[in-house]
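Chain by chain, the residues:
There are 2 protein chains.
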Amino acid sequence: MLRDPEASPLSVREPRHTDSSLDYDNIENHLFLEEERRMGHMSFRCLEISRWVICGLIGVLTGLIACFIDIVVEKLAGVKYVVVKKSIDKNTEIGGMCISLILWAALNSAFVMVGAIIVAFFEPIAAGSGIPQIKCYLNGVKVPRVVRLKTLMVKVCGVICSVAGGLAVGKEGPMIHSGAVVAAGVSQGRSTSLKKDFKIFEYFRRDTEKRDFVSAGAAAGVSAAFGAPVGGVLFSLEEGASFWNQLLTWRIFFASMISTFTLNFVLSIYHKKTGELSSPGLINFGSFDLKYNIYEIPLFIVMGAIGGLLGALFNVLNYWLTIFRIRYVHRPCLQVMEAMLVAAVTATVSFAMIYFSNDCQPLETQNVAVFQGFCADGEYSAMATAFFNTPERSVRSLFHSPAGTYKLETLGCFTLVYFFLACWTYGLTVSAGVFIPSLLIGAAWGRLFGIICSLTSLYALMGAAAQLGGIVRMTLSLTVILVEATGNVTYGLPIMLVLMTAKIVGDYFIEGLYDVHIKLQSVPFLHWDAPATSHSLTAREVMSSPVTCFNRVEKVGTIVDVLSNTSTNHNGFPVIIQTAASEEVRRLCGLILRSQLIVLLKHKVFVERARSRLRQRKLQLKDFRDAYPRFPPIQSIHVSQDERECMMDLTEFMNPTPYTVPQDTSLPRVFKLFRALGLRHLVVVDDDNRVIGLVTRKDLARYHLGKHGLEELHLAHT
Amino acid sequence: MLRDPEASPLSVREPRHTDSSLDYDNIENHLFLEEERRMGHMSFRCLEISRWVICGLIGVLTGLIACFIDIVVEKLAGVKYVVVKKSIDKNTEIGGMCISLILWAALNSAFVMVGAIIVAFFEPIAAGSGIPQIKCYLNGVKVPRVVRLKTLMVKVCGVICSVAGGLAVGKEGPMIHSGAVVAAGVSQGRSTSLKKDFKIFEYFRRDTEKRDFVSAGAAAGVSAAFGAPVGGVLFSLEEGASFWNQLLTWRIFFASMISTFTLNFVLSIYHKKTGELSSPGLINFGSFDLKYNIYEIPLFIVMGAIGGLLGALFNVLNYWLTIFRIRYVHRPCLQVMEAMLVAAVTATVSFAMIYFSNDCQPLETQNVAVFQGFCADGEYSAMATAFFNTPERSVRSLFHSPAGTYKLETLGCFTLVYFFLACWTYGLTVSAGVFIPSLLIGAAWGRLFGIICSLTSLYALMGAAAQLGGIVRMTLSLTVILVEATGNVTYGLPIMLVLMTAKIVGDYFIEGLYDVHIKLQSVPFLHWDAPATSHSLTAREVMSSPVTCFNRVEKVGTIVDVLSNTSTNHNGFPVIIQTAASEEVRRLCGLILRSQLIVLLKHKVFVERARSRLRQRKLQLKDFRDAYPRFPPIQSIHVSQDERECMMDLTEFMNPTPYTVPQDTSLPRVFKLFRALGLRHLVVVDDDNRVIGLVTRKDLARYHLGKHGLEELHLAHT
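Heads up: the sequence lines are chains A and B, in that order. Residue numbers for the first sequence follow the working numbering, so the first one is 11 and each next one is one higher. Residue numbers for the second sequence follow the working numbering, so the first one is 11 and each next one is one higher.
Computed footprint of chain B on chain A, listed as stretches where at least three residues anywhere in the stretch have a Cβ under 8 Å from a Cβ of chain B:
hint : region
1    : 35–48
2    : 232–243
3    : 257–268
4    : 489–502
5    : 531–542
6    : 660–671
7    : 683–692
Residues of chain A clear of chain B, computed beta-carbon distances all greater than 10 Å:
hint : residue
8    : 70
9    : 110
10   : 330
11   : 354
12   : 459
13   : 572
14   : 578
15   : 605
16   : 617
17   : 637
No lab work stands behind these hints: they were computed from the structure. Model, not experiment: these values are computed from the prediction. Ideal Cβ positions, reconstructed from N, Cα and C, are used throughout, including at glycine.
Please model the complete structure; the sequences and the hints are all you need to start from.
Right, dumping it as structure tokens:
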């Protein structure tokens with residue numbers, strides 16, 4: 011009775027993978043210790059310096075990508091606007107109107123089609139914001155292809171298309187994913203897709219180091235998206251690093267700073283104001299000077315509660331929609347068609363609303379962009395301003411435009427329509443983030459709330475925070491991101507209270523949007539702690555058993571057979587000592603990974619060959635690093651019938667001191683050990699140090715605290 | 011050959027303690043599991059809510075203490091100023107001048123005397139800023155009496171006296187210590203000093219929970235001191251938490267926010283501007299609007315290097331001074347006299363400098379306080395302004411007063427004099443922080459640098475950052491604290507670069523000031539990682555051996571004898587199984603702590619008594635919690651000769667699943683396990699699960715990376 015010990019991948023269309031967990035535990039085998047001994051004090055210094063250099067590079071490249079996206083989107087949107095505006099100006103009667111509408115809808119659909127096609131057909135993992143995927147990666151789940159160069163290309167082009175296509179999406183979320191890919195690429199010093207190996211940074215070719223750099227990349231992405239370097243660091247820590255290391259954090263911060271600085275600097279050159287560092291992020295909230303009073307705090311809390319409710323509604327609707335999509339819309343053509351449909355509907359609805367809304371306002375000199383829409387000269391349409399602008403500008407306009415800019419009905423309609431559009435859009439097969447739409451919905455009803463209670467436009471900010479908090483349920487990092495984006499430290503308290511309330515209220519109904527999507531993919535995601543009431547569960551009940559073990563000197567045939575057995579697909583194998591004394595000896599002496607065995611088989615490291623001097627050189631760590639991370643499948647390695655009779659000595663390659671727990675250890679203790687050390691396999695032993703089971707990520711992720719106490723999830727494969 | 015396995019305390023005059031490490035590992039014995047089973051889902055909710063309530067209380071109380079210190083210092087300084095000013099106005103000729111000088115010096119010395127006496131005679135642990143002690147506590151070193159109510163009282167009064175006494179000190183560092191004490195007190199729901207038990211929060215009476223709250227308290231202290239809630243959280247994380255937990259961090263942030271808000275609110279009432287939240291911290295840098303250009307970045311880096319050099323000089327001088335003090339100035343009377351001497355010298359030097367400096371400037375309407383000193387009417391003395399103000403105001407004046415306020419010579423002299431005064435002052439037996447003097451020195455030479463290169467007063471800020479960074483060597487948290495204090499997010503990059511350079515340059519010569527002091531006390535402080543080149547060391551070489559073990563059912567006499575043996579002073583004892591089969595069986599089955607054994611002995615939990623029904627009730631976790639944290643010494647427990655022959659069954663009380671490592675585990679692996687889980691004892695076992703050694707904090711803290719590779723420290727007891 012063998013439970014399948016490891017996990018299913020994040021993308022639904024992905025076939026079952028052998029490798030789906032990352033290993034943050036160093037394998038301190040003989041090769042490793044030998045290498046460490048050879049390396050002097052100075053080599054460690056050099057490594058440390060390389061780490062800093064890599065973080066600097068990550069920052070620069072992430073900043074440049076953000077610039078690229080920003081500039082191209084602006085250009086495309088500009089072209090589109092000019093074309094549609096011309097058409098509207100030409101055809102002012104009803105019949106002509108239709109032509110303009112069709113033109114607009116067609117343009118948008120075309121953009122979205124391109125975006126959807128590259129995602130659906132070339133790299134489905136690039137769909138969405140990428141934040142759930144990065145969360146999983148940092149958590150230790152191996153998500154196939156998530157940090158590849160191809161993914162980055164598709165992501166960048168895809169997000170440009172979907173934003174230019176006028177969808178209710180933002181380009182901020184994808185920045186986080188992009189930063190992570192950049193980090194994974196730079197730190198490995200090679201690209202497997204391009205078949206180019208720069209022969210640098212070879213030391214970093216392992217999960218532990220790579221994960222650290224990916225954290226830095228994600229932070230750099232947040233930093234470039236919101237101009238929030240500290241928020242970026244906190245995001246990475248909140249999502250990823252369970253073990254806080256001062257130097258690592260400091261490097262992450264460095265990457266974040268460089269990233270926002272690069273963006274700022276390049277954009278300042280682009281805007282022909284070289285050196286004027288005024289746009290630290292893709293989105294700028296503008297500067298807030300509004301003061302709040304203490305008596306307003308209860309109002310903020312009420313707003314937080316509204317945000318929590320609306321956010322929960324958003325997540326519930328999106329949950330149903332996603333289930334529908336998983337069942338019925340899983341063919342790429344259908345996905346592209348759905349995306350185009352959404353684009354056309356978005357264009358039509360916006361057009362209709364601009365046309366039928368009757369909120370022309372006298373044009374005054376303002377610092378925010380406004381649109382004339384169908385209004386008389388000297389006037390502008392508030393609805394057109396809300397819909398036609400880039401979403402980032404609309405957010406800023408809602409935050410800052412003076413009292414009286416927006417009518418009640420305009421804001422109400424806009425909130426309602428945009429809410430459903432955004433909800434429909436998230437989960438489409440396009441690259442797009444949910445941050446900006448959330449902020450926009452929140453800012454709209456926040457402003458509405460402010461007008462009804464005759465309060466300042468600060469309420470637009472609080473509404474935006476509440477709505478975003480209600481949807482994504484991030485806490486500390488989101489507070490800091492928003493505070494950094496507003497640049498006003500005194501807003502810390504109200505924003506914190508709003509986000510806290512939104513989270514408490516929202517969590518009562520459903521989890522955050524990212525967690526909903528992670529759960530739908532049945533990924534073995536480990537939370538911070540084991541469920542509180544799980545102390546009565548022991549390792550014996552949790553572990554997978556029996557375990558396939560290898561002897562220290564094992565027959566090649568046995569190894570090949572075990573690795574080829576697709577029904578088990580184990581990734582880690584305890585190594586046991588063969589003593590003559592007793593028959594039933596399974597005493598643990600090490601742990602070896604599937605990937606290591608594959609490299610050994612590939613290099614034919616057999617005892618007999620060593621004796622007959624057929625093996626030219628000793629296998630080194632470099633051979634394992636060269637194969638990292640795409641170890642070939644066992645089927646691709648040819649082992650002849652003669653070779654099957656050879657023996658393999660695993661002593662030098664296995665991890666000789668794997669972490670173990672006794673069988674009576676409680677689930678929280680196992681969990682803590684597993685999580686704090688970033689393990690992939692934890693061997694359960696009895697009092698005589700005999701292997702009796704193996705705990706993997708999946709065994710731990712099954713348990714969670716439901717409404718009625720401890721529940722066991724079925725992490726089935728969809 | 012038994013190496014002493016545990017540590018020495020932080021205070022030099024402290025006698026050797028039995029208990030000197032904290033245990034962050036849950037002891038999941040039968041009692042614990044039973045209690046968990048009894049607690050329902052709701053009880054865990056309630057606990058979670060109590061945690062939030064406690065954090066709120068910590069914030070409020072820390073904020074109030076900060077207000078109290080601020081207001082009292084201001085009042086006292088005001089009284090002192092009026093008295094001295096009157097005397098100066100009366101006696102303008104040279105002879106009379108001396109009278110004023112003597113009056114001033116006497117007043118200052120009197121204040122300082124009071125401050126020094128309460129510290130030296132009542133609570134020596136309250137000396138200094140308290141940051142090294144809190145760092146040690148959060149690191150897991152048990153520092154005796156550091157979080158007691160008495161310490162808090164002495165600290166608060168002491169810091170008021172030393173600031174009012176005109177010493178070159180700040181009141182910010184002590185706030186961190188105060189916050190930590192408040193947290194430790196509130197979270198335990200009782201005060202042992204006051205003999206008052208509120209019977210609340212009893213669940214939190216153990217090291218794990220208490221440490222979490224102390225982190226929150228320290229963060230609240232930073233937050234109140236600098237108006238930097240995010241900086242506070244990062245400080246706590248940087249210094250303390252090795253394992254990052256989202257909910258915990260969120261609670262720490264809550265405490266920080268509440269703390270700065272309380273301070274702000276109460277001070278706004280005190281200043282009769284209720285609701286105008288303009289003073290988030292004890293120190294306010296004022297608002298900075300100055301822009302910097304990219305070409306200035308190399309200049310910032312140069313300033314960082316200068317700060318690193320000056321900081322290293324400061325630390326070296328202070329190191330020598332501290333060694334001198336440990337050798338010769340260890341009697342309380344001498345300590346009080348030294349403090350008074352410093353106060354008198356500080357007053358004299360300041361007076362002389364004001365008198366001899368010739369930098370009277372025309373008085374203009376300015377928003378910073380200036381002093382007439384010995385200048386004509388309508389003029390003011392820049393030197394007097396620098397010396398007479400509270401250091402916080404002087405910092406602000408250096409940051410913001412317009413060009414031309416300070417002459418070159420004034421700034422030069424001031425830097426020089428204040429540098430040596432501050433260096434002499436730190437380490438005196440008074441409560442005082444080093445943040446503000448460092449900022450002041452740095453601001454002075456920064457401003458000087460700015461004037462020489464004809465640059466803006468932004469250089470005063472960068473100088474302050476460089477100097478502070480050069481002395482304390484904090485990184486991420488300090489950047490965020492400074493950014494929050496200036497309220498300008500765009501200064502993030504230059505401040506980060508300055509602090510980074512200062513740290514790199516400074517680290518080349520000597521460690522940070524706090525680390526110097528921690529090292530001088532031979533505390534077993536664990537850094538983030540094991541030294542990089544230590545992979546060749548194994549647990550076998552690191553551990554203490556042989557280990558005193560107990561049998562699962564052990565004779566009371568044996569236990570009492572072991573606990574009474576002052577030459578070993580072990581705190582944790584592996585429990586082994588006695589099997590009939592073999593003689594030499596030391597197979598591990600649990601771990602029991604000295605404190606647990608003491609409670610068992612006190613309640614006379616003997617097998618014989620249980621059989622004879624003499625024991626009324628079963629021992630519960632509550633009995634252990636009631637004794638926490640001041641477990642009585644073994645000498646105070648009377649065990650009769652008859653009782654010595656009884657047996658004790660440890661099965662129910664021991665930790666049945668202690669973490670273990672095989673003997674070949676490398677030092678970095680042991681270190682990581684120890685640090686990530688916050689362990690106190692790690693049992694080393696052989697292949698047959700027999701105990702062969704015990705690794706404690708001290709065994710790990712011995713190794714560090716010196717100039718010539720791995721070095722072994724001698725953590726001797728001074």
